[in-house]
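**Student:** These are the residues of each chain, in order.
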Amino acid sequence: MSGASDKLRVVIADDERPARSFLMSMLRTFDDVEIVGEAANGVEAVTLIEARRPDLALLDLQMPELDGLGVVRLLRKNRMPLVAFVTAHDEHAVRAFEVNAVDYILKPVDAARLRQTIDRVKERLEREDYHAEETERIRAAAADYEAEGGKPLLRIPVRRRDEIVLVPVNQLVSIVADGELLNLRTTDNETHTICYRLRDLAARLDSTRFVRLGRGTVVNVDMIRRIVSVPGGTFTVILTDNQEFRVSRIQSRLLREKLLRL
Amino acid sequence: MTTGTVASLINLLGFITGLVLYVLLLWMVLTSRPGSNRLTLLTGILGFAWNIGAFSGYGLFNLGFTESAPLLLAAAFSALCFLPAVVVHSALRAGEKTSRAQNLLIAGLAYAMSGVATLMHFGSAITNGAVPSQFALRGVTIGFVALLIVLLLITRGQTGRGRVLWVVAMSVFAVSALHLSNHEIGQDPWWLQLAGHHASLPLALLILYQDFRFAFADIFLKRALAFILLAGLIFGIFVFGVMPILAGNPASERSIALLLAMWAVTALVFPLLSRGAEWLIDKVVLKRVDYTQLAATLSRAIERCEIPDAILDETVRTLAPALSAQSIEWSDSELKDHLNWVQQDRRSARIAVPSMDSPRYILRIRNLSGGRRLLSDDLAMLERVALLVARRIDAVRSMQERYRHDLQEQEMRKLAAEAELRALRAQINPHFLFNALTTIGYLIQTAPERALGTLMRLSGLLRGVLRSGAEFVTIGEELDLVEAYLDIERARFEGRLRVHIDIPWELRRVRIPALVIQPLVENAIKHGISECLSGGEVRITARLQQPDESSEVAAAVLISVIDTGVGVTETALARRRARGFGLSNIEQRLQHYGSGKTPLTIRSTPGTGTTVEIRVSLQAGETVNVLASTKPS
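Chains as they are written, first to last, in my numbering: chain A, 2 to 263; chain B, 82 to 714.
Bound-form chain A, shown alone (with noise of 0.2 Å):
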């Protein structure tokens, strides 16, 4: 809670105009809510967010190129607000919010919901630790949400200083984990980092466009050029733009099975 005003500081994101507007409209009813921004897609939402530093985020689940859960993947750690997501109907969401918590609002929304959620974050603001719990909360949900219904993802949201970057997922040749950091490759020969877990983003990616060469590396299956055997029953696989990978013995395996088959 920032200034001297105790009221609670709402951004709203939603790609639907009308649906935003109701929204706001609703929320300008409350006396101890103050709407600091909207935004109408999932990148303005996060540059919104990360210069307004509101207490509540209302982000829409669904909305192009980036969406309310990518929204909330790119946020900075120390950025990030208490989050109430808002849906019109998405079976698999829903369930994964409740089982681990995850405040969210269906829409048409209706204000005494409304208000339930205003009262709620305002209880867990009063609390210390609410950050960390709230950031492990939404991961969970989030990888609960794309184990069972998620689409695979097409663009990579990439932050680069004060811009975000979106990677279409068509133009990455080769992904290689660095520690915490994932190093992405692209056609253009641009490297983009990011901090994702390389297990996550491999499950998130269409596994038939990509296949994991190693603990470390996953690879455009396009943009293989030659696949070398070496001797001792494992690959290396050169890429277009001649990056040389060692194959693990696993997934030599593996490789033969899915790739080396006619």
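None of these hints come from the bench; they were simulated from the model.
Fair warning: there could be bad hints in the mix.
Under the rule of at most 16 Å between Cα atoms (straight-line distance), these lysine to aspartate or glutamate pairs were calculated in the EDC-like manner [unchecked claim]:
#1 Lys607/B with Glu587/B
#2 Lys607/B with Asp207/A
#3 Lys495/B with Glu552/B
#4 Lys607/B with Asp91/A
#5 Lys8/A with Glu127/A
#6 Lys259/A with Asp207/A
All values reported here derive from a predicted model rather than from experimental measurement.
Let chain A serve as the given structure and place chain B on it in line with the hints.
**Tutor:** Relative to the frame of chain A, chain B by itself:
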């Protein structure tokens, strides 16, 4: 009765029987495959010549009808002397072990002996009128006995009845010839006369029985047996019944009544005897199958078959031995009319199986063995079998048809149920519905008039989608639904959604399966436009595909839904289709309504957009209307 009279009668009877048998043999040989058996033909001719010559020379002469004719008799005896030569020739032909040179030598010798005997008969007839020439007969007998021994040695180890037959025939001839050489006609007891003069009869009987069993039995044996039985009966009655009674008073009224009664009994008994004789011949001699039983067996056998091919195979398998046919085949029939159920020539027959639907089949019976022809009862049996088979084939087909129909109906019902469910759950998907309601909520606050309008559109849309029963709608009706849907989506997405509908008015009357365009439009918005920050355009177009005259492509309407959205990769598309995004349902329904194998095509480029095209065949009546109305005026 004197011995001479009895002997003459026996002779006369024997010659007539011989004549009948050899005529039968000749006829059989001539009507069977031509040129196949010249020696049998020759046997027939010689036997015939002997019998007719002896009949007119001896029989009629003995009875006092004609003058003695030495030349005629000489010819008859010459024929008789040639018979063994032909028999020997046949035996050699049938032989497997003899060489060609051996054959030629022995046959030549036999014919030479017969030739010499012939010359001697004619010589004797011309010089002193004494026929036959005793010397010639004796020579022939001795010569052929010698040949018989040689033949026996040569054909030793040969299998089959042929050899036995020819040997027996030869022996009998020998006996006959011996008898003729030693005795004067009319002096011997009747049994010796029978054995001596009619040795050619067993030969004819044997040949007929072996080669033309069925014809022989059908034409000759049955009647002969019936008459013999009748004669025996009458004889028995006369000897044991009538004679004792009439012995006392030969010309009383009682005797007349008795004779009349006998007459009536004879007439009544004959059909029975005839049937009995037929049964005996069929069962014992021919071992012919009981046709009623055959039909029953066949009917049981084909009852177990489930496909026409199996039915026909089973029929052929059962029928072939019963008809003693070497082969019965079945094939598809190209014949259009089936008035001629049975087509028959001498040794083969074709029977059409009169099933209701094509393909119809034909049974071809080839090469009936034993000179068998198809008699009226055979034909009746075949017709009955053909009907039986046809009925079973019909039953099997209708069963299959019903099964297929059931399956199709079941599938259609399933599809319809799925479509309905989809309409409730996916087509008007909850996500859309709640977003629409949110939009209406917003509009209520800002523009109540528009809120009401959108509410009405939503109601109309729901009603349209939930309307059950109507499997087909016109394109116009479907477009109304699409417009309602688009209105709501436009209120939601505002400037981000642009729509362009380009469907000619005349095409709006074309009937298409319900709910095939709306789901495509919804997909375009959901997966294309709504994923785009700046939105995009949805185009709905329809055009007529003219029927191609060279191929059999019918006239169809091609409806395209094009969006400028994010597009989709092929793998993602496959995944989407597998998860059932309505596309496969639409595709299946279009396939069922006869729009070809691939009524739905998708072209998509990531980043540029997606085009979905469906192809709906026109109904027969519609084609003309639409084509007429689209002609440039």
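**Student:** Evaluate each hint against the coordinates.
**Tutor:** Each hint tested on the structure:
The straight-line distance between the Cα atoms of Lys607/B and Glu587/B is roughly 30 Å, outside the 16 Å bound, and the hint therefore fails. Under the criterion of a C-alpha separation no larger than 16 Å, the hint pairing Lys607/B with Asp207/A is inconsistent with the structure, at around 20 Å. At roughly 14 Å between alpha-carbon atoms, Lys495/B and Glu552/B fall within 16 Å of each other, so this suggested pair holds. For the hint pairing Lys607/B with Asp91/A, the CA-to-CA distance comes to about 14 Å; that is within 16 Å, so the pair holds.
Straight-line distance between C-alpha atoms of Lys8/A and Glu127/A comes to about 14 Å, which keeps the hinted pair within the 16 Å bound. Note on Lys259/A and Asp207/A: the hinted pairing holds, with a Cα-Cα distance of about 14 Å set against a maximum of 16 Å.
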